[in-house]
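S.K.: Got two chains here, each in a separate frame; can you build the complex from them with the hints?
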Amino acid sequence: MKKENNTDVFVFIEQREGQIQMVSLELLGKARQLADMLNQKVIAVLAGFHIHEHAPSLIHCGADHVLVADAPELEHYTTEPYAQTLARVIEVYKPSILLIGATTIGRDLGPRLSARCHTGLTADCTRLDIGDDGHLLMTRPAFGGNLMATIVCRAHYPQMATVRPGVMRRCDHDENRVGNIEHITIPFDHSKFGVRLIKTVKQSKGKIDITQARILISGGRGVGSAEGFEKLTELAKVLKAEVSASRALVDAGITDHNRQVGQTGKTVRPDLYLACGISGAIQHLAGMEESDFIVAINKDKGAPIFQVADVGIVGDVNRIIPLLTERMKR
Amino acid sequence: MKIVVCIKQVPDTTEIKINPVTGTLIRDGVPSIMNPDDKGGLELALELKEKYNAHITVITMGPPQADTILREAMAMGADRAILLTDKRFAGADTLATSHALAGALRKLDFDLLITGRQAIDGDTAQVGPQIAEHLGLPQVTYLCDLSFDGKRTFTLTREIEEGYQLLEAEAPCLVTVLASARNPRYMRVRGIVEAYSREVETWGFDQIEVNEEYLGLKGSPTQVKKAFAKDMKAPGSVYEAEPEEAVGIIISKLKEKFII
Chain A
0 MKKENNTDVF VFIEQREGQI QMVSLELLGK ARQLADMLNQ KVIAVLAGFH IHEHAPSLIH
60 CGADHVLVAD APELEHYTTE PYAQTLARVI EVYKPSILLI GATTIGRDLG PRLSARCHTG
120 LTADCTRLDI GDDGHLLMTR PAFGGNLMAT IVCRAHYPQM ATVRPGVMRR CDHDENRVGN
180 IEHITIPFDH SKFGVRLIKT VKQSKGKIDI TQARILISGG RGVGSAEGFE KLTELAKVLK
240 AEVSASRALV DAGITDHNRQ VGQTGKTVRP DLYLACGISG AIQHLAGMEE SDFIVAINKD
300 KGAPIFQVAD VGIVGDVNRI IPLLTERMKR
Chain B
0 MKIVVCIKQV PDTTEIKINP VTGTLIRDGV PSIMNPDDKG GLELALELKE KYNAHITVIT
60 MGPPQADTIL REAMAMGADR AILLTDKRFA GADTLATSHA LAGALRKLDF DLLITGRQAI
120 DGDTAQVGPQ IAEHLGLPQV TYLCDLSFDG KRTFTLTREI EEGYQLLEAE APCLVTVLAS
180 ARNPRYMRVR GIVEAYSREV ETWGFDQIEV NEEYLGLKGS PTQVKKAFAK DMKAPGSVYE
240 AEPEEAVGII ISKLKEKFII
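Protein sequences appear in the order of chains A and B.
Each residue of the first sequence is one higher than the one before, counting from 0 in numbering that gives the first Met the number 0.
Each residue of the second sequence is one higher than the one before, counting from 0 in numbering that gives the first Met the number 0.
Take these hints with a grain of salt, some might be off.
One-sided and incomplete, this derived list gives chain B residues near chain A with beta-carbon spacing under 10 Å [claimed, not checked]:
| id | residue |
| --- | --- |
| 1 | Thr93 |
| 2 | Asp122 |
| 3 | Leu136 |
| 4 | Gln138 |
| 5 | Thr154 |
| 6 | Leu166 |
| 7 | Thr201 |
| 8 | Gly203 |
| 9 | Gln206 |
| 10 | Ala226 |
| 11 | Gly235 |
| 12 | Gly247 |
These are computed hints drawn from the structure, not numbers from a lab.
Note that the coordinates shown come from a computational prediction; the quantities given were computed from them, not determined experimentally.
Note that beta-carbon positions come from the ideal geometry of N, C-alpha and C, so glycine has one too.
One chain only, chain B, in its complex shape (with noise of 0.2 Å):
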C-alpha cells in the first residue's frame, strides 16, 4: 500500500497574543508546530505502515522551513518528504492552495491520500476536499477511524454532530482526520539524528502538473479585503461582593433584563 499524507507547519495559535495598544497579533517568538490534525492523519497512516507494510510519503506546501515538519514526520516514520515550495504558488487562498498540491499529487502514485481536517491557523477545513475534487476521488471527512480490508476496501468511521457514521470506499480515496483520531506517536530518537541525514526533495511549479492560471494570489478567487481586531464591546459593572450580595445583584440584573 502506498499512502501520502499532506502535512502543513502553522503558528500554535493558542500561544498569540494581541497587542492591547496597536490591536495587532504578536508573532514573535510563536512556536511553528505541525498542524495537530495532520499529525493525527500522519500517525493513522503510520499504523497502516506497521499493518501492511506501507510506504509513507508526506508532502508539505510552505516556505522552505518548512523544512522542519517533514524532518519531524519522518523522524516519526515516514519514508519519503516533499517540500513544495515556488514564488508562483505565494498569495494562495484555500482553493488555489488544493490546485498546487493537486498538482504535485498527481505526479505520486497512492492508494490512499490523507489530509488534516482543518489546520488551526485558518480553520477552513476546505483543501482536502478541493483537492479530492481536482483529483477525482471519493472523500470523507472527519474521520475517526478507518480500517482496510488488505486489498481494495476502506471501512471509514466519521464524526459527525449527532454520533458516527459507517462508510466504505475504495483505493484510492482522501480521508480528512481529526486531531483525536490518533495520538501521535514521538519521534524515535535514532529516527531523528536519520531524519537529517536523509533527502528533503524539493518540488516547484516545474516539477508539477498544474494549469498556472489556478495558482497564487491570481489564481485564488477570494481576497482578504481587511483584516482587524475584534472591537470589544463596552465592560459592564464588575461587582466584588460577598455570595448572599452578589446573588442577590444576579437576580436583580435577570429580571431587570426579564430573563427570569
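Just chain A, same shape as in the assembly (with noise of 0.2 Å):
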C-alpha cells in the first residue's frame, strides 16, 4: 500500500487456545518504544474466539487502544480467516508500523499479508529502531548469522516485521495504565479459507519454552554424552534452571530440537547463560549473545565462546559440573 496518512504502531496479538502469548507482550514493550518515539500510539490487535477478557492486560501491558476481532472463525490459527482480519485492520486503520511475533504463526501469517496489501515485511528481527526520517529500522541477521542487515521500506505501508520470541523485552504490567477497547466485525469471505484443522496434537516435548527461563544450563560437544547431558539436568534442577543445548547435541538425538538454541534454533537472552562444553559457532552465537550474564566452560582456550563470555573457564566441563552442582546443594 502506497501511503495515507498511515499512523501507530500496531501489533498482532497472538493467541493459542485462548492463551496470550508471551512474545505478544515483547512485542508491546517494543511498539510501546517505538511509538513514544513518534509521538503515536500503540494499537493491539486481538484476534480469537471468546477472548476478549484478554483487552484489558493488553493496555496494562504497553496499548494503547485494542481492536478486538472476536468471531468463531478466528477460534483457531488458519491463514485465510487471520489473513482476512489483519488485511481489514490495514484497509480501515491505516498502521504506520505492524509488528508480529515469528511463530509458526506469524511466519505464516506475515508473508501472506504482505503480499495482500503489497507492502515490504523484514523476517526475525532482532532490533527496531527509529531513523532520523522516521522510519522504521529492521535490523536481522542474514547469511546463518554472519552479517548483520538493517533494512527499510520507505514507500510501502505499513512497515511489517517480525520477532521471534525472547528477543524483546515486555513491559512492566501496570494496571494503571489506561485505554480503548474497541471491537470490530470482520466480513469473513468463507470461499477463500481453503484449508480445514482437522486437529491439534500435543507432544510434550512442547511444554517447556526455554525462551523464558531465567536460567539457561546450556550443552554442546564438550558434553559428550546422554550422561554429561545428564549431569547439566541435576545442575538445572538444583538451579531451578532449564537445560538448552548446541545444534550438536540435537544432531546426536541427545536433546530435543526444541531445546536448541541458535540459529535454526531458538534465540534466548536469560539472566544466566552456562555454556558447557559449547566452542561457540556463529550460528549458536547468533541465539544467545544477547544474554545478561555469559558463563563459558571449554576445554579449549581458543574456543569462540569465550569471545562473548563475562566469566570463562577453560577446563573439563564434566568434572566442574557435578561439583558446582554439590556446591549449589548446600
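M.R.: Structure, rendered in C-alpha cells:
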C-alpha cells in the first residue's frame, strides 16, 4: 500500500487456545518504545474467539487501544481467516508499523499479508529502531548469522516486521495504565478459506519453552554423551533452571530440537547462560549472545565462546559441573 | 498428478567464515548447494511420483549457474526443469521474487506447488506464502508430512511449537516443506549422465505473466540500508583453573551479579 496518512504502531496479538502468547507482550513492550519515539499510539490487534477478557491486560502491558476481532472463524489459527482480519485492519486503520511474532503462526501470516497489502516484511528482526527520517529500521541476521543487515521500507505501508520470541523485553504490567477497547466485525469471505484444521496434537516436547527460562544450562559437543547431558539436568534442577543445547547435541539425538539454541533453533536472553562444552559457532552465538550474563566452560581456550562470555573457565566441563552441583546443593 | 517444486541455489552458510580484520564475509570457495528445505520438498514430490505417477517440474530463479541444481534435481528424478533468469529480476527482495516466480507459475499447470520453508541464506520463509497469495492458492507452511487421497484432497501435517496440526486442503494448493520432512535420495548414476544431456528450459520476462513494475529492485518495497559484521562485545575474564577453584570463581561471580 502507498502512504495515506499511515500512523501508529500496531501489534498482532497471538493467542493459542485463548492464551496470549508471551512474544506478543514482548512486542507490545517494543511497540511502546517505538510509539513514544514517534509520538504515536500503540494499537493491539487481538483476534480469536471468546477472548475479549484479555483486552485490559494488553493495555496494562503497553497498548493505548485494543482492537478485538472476536469470531468463531478465529478460534484456531488458519491462514485465511486471520489474513482477512489483518488485511481489513490495515485497510481501515492504516497502520504505520505492524509487528508480528516470528512463530509458526506469525511466519505463516506475515508474508501472506505482505503480499496481499503489497508491502515489505522483514523477518526475524533482532533490533527495531526509528531512523532520522521517522522510518522503521529493522535489523536482522543474514547469511546464517554471519552478517547483520538493517532493512528499511520507505514507500509502502505498513512497515512490517516479525520478531522471534525472547528477543524484545515486555514492559512492566501496570494496572494503572488506561486505554480504549474497540470491537470490530470482519466481513469474512468463507469461500477463500481453503484449508480445514482437523486437529492439533500436542506433544510433551512442547511443554518447555527455553526462551522464557531465567537460567539456562546449555550443553554442547564437549558434554560428550547423554550421561554428560544428564549432569547438566541435575544442575538445572538445583538452580531451578532449564537445560538447552547447541546443534551438535540435537543432531546427535541427545536432546530435542525445541531445546536448541541458535540460528536454526531458538533465540534466548536469560539472566544467566551457562555454556558447557560449547565451542561457540557463529550460528550458536546468534541465538544467545544477548543473554545478560554468560559463563562458559570449555577445554579449548581458543574457543570463540570465550569472546562473548563474561566469565570463561578453561577446563573439563564433566568434572566442573558435578562439583558445582554439589556446592549449590549445600 | 502434476507437481511443481520451487528450488533455490544457496551458499552453504555453515561454511562461511568472517575475515576477522575487515569483518566481511569470505565467500570464496564456499560451495553452492540446493537449499535443504527445498530438497526435502523435492523428495516429497518424488515419493508422490512413485505412488501416483506424478509429473514433476522443478523451477529456480537465479543466475545461469543455478542450472547445476536443476540438473541435480533431474538426476534425482524430476521430469522437467526451468531456469528463470532475466536482468529485470535482479535486486529483488522477497516480494519481488515471489512476483517473478508467480509470473512463471501462471504458465504452468499443477495440482501441488511445493517450496522449501525457508532458504538458509536468508531464513525469511516469505516467498512461499507470497506466491500462494499472488496465485490465490491455499497454503500450508512448516509441512512435515503429507498424504493424498488419489483424487483431489491432501491431508497435511504441519509442525508447530507445541506439536503438530493435521489439516486438509484441495488441489491445487501450496505447501512449504521442512528439510526434516524427508531424507533426500542420492542422484542416480544414470540419472546424472542423463541430466546433462537433457534440456533445461530458460525463461525470462517475455515468457512469464507478470506486471513489470512488481519486479526486481524497483518492485521491492524493502531495501538494505546497511550491512555490517556483528560487533562482538568486549570479552570478559577467562580463567585457567582446577575444577575446585573454577567452581569457586563461578559461584562468587554469580553471587556478585545476584543471580544466585
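S.K.: Quick check on the hint: Thr201 of chain B CB to chain A CB, less than 10 Å?
M.R.: Violated, because the Cβ-Cβ distance from Thr201 of chain B to chain A comes to roughly 26 Å (cut-off 10 Å).
S.K.: A closest beta-carbon separation below 10 Å is what the hint needs, so does Gln138 of chain B meet it against chain A?
M.R.: Holds - the Cβ of Gln138 of chain B comes within 10 Å of chain A, reaching about 6 Å at its closest.
S.K.: Once the shortest beta carbon distance from Leu136 of chain B to chain A is found, is it less than 10 Å?
M.R.: holds (8 Å)
S.K.: Have a go at the Gly247 of chain B hint: is there a Cβ in chain A nearer than 10 Å to its own Cβ?
M.R.: This interface hint holds because 8 Å falls under the 10 Å limit.
S.K.: Does Gly235 of chain B pass the interface check with chain A, least Cβ-Cβ distance below 10 Å?
M.R.: The hint holds - Gly235 of chain B has a Cβ within 10 Å of chain A, the shortest such distance being about 4 Å.
S.K.: Taking the closest Cβ pair, is Thr93 of chain B under 10 Å from chain A?
M.R.: For Thr93 of chain B, the interface hint holds, since the closest Cβ of chain A sits about 7 Å away, which is under 10 Å.
S.K.: Should the hint that Gly203 of chain B touches chain A count as held when the rule is a Cβ pair under 10 Å?
M.R.: Result: violated, 23 Å to nearest chain A Cβ.
S.K.: Report holds or violated for the interface hint on Thr154 of chain B, using the least CB-CB distance to chain A and a cut-off of 10 Å.
M.R.: Holds - the Cβ of Thr154 of chain B comes within 10 Å of chain A, reaching about 8 Å at its closest.
S.K.: Against chain A, is Asp122 of chain B within 10 Å by beta-carbon distance?
M.R.: holds (6 Å)
S.K.: Quick check on the hint: Ala226 of chain B CB to chain A CB, less than 10 Å?
M.R.: holds (5 Å)
S.K.: For the hint on Gln206 of chain B, does the least C-beta distance to chain A fall short of 10 Å?
M.R.: Hint violated; Gln206 of chain B Cβ to chain A Cβ min 22 Å, cut 10 Å.
S.K.: Quick one, is the Leu166 of chain B hint okay against chain A at 10 Å, beta carbons?
M.R.: holds (5 Å)
Of the numbered hints stated above, those contradicted by the structure are hints 7, 8 and 9, listed in ascending order.
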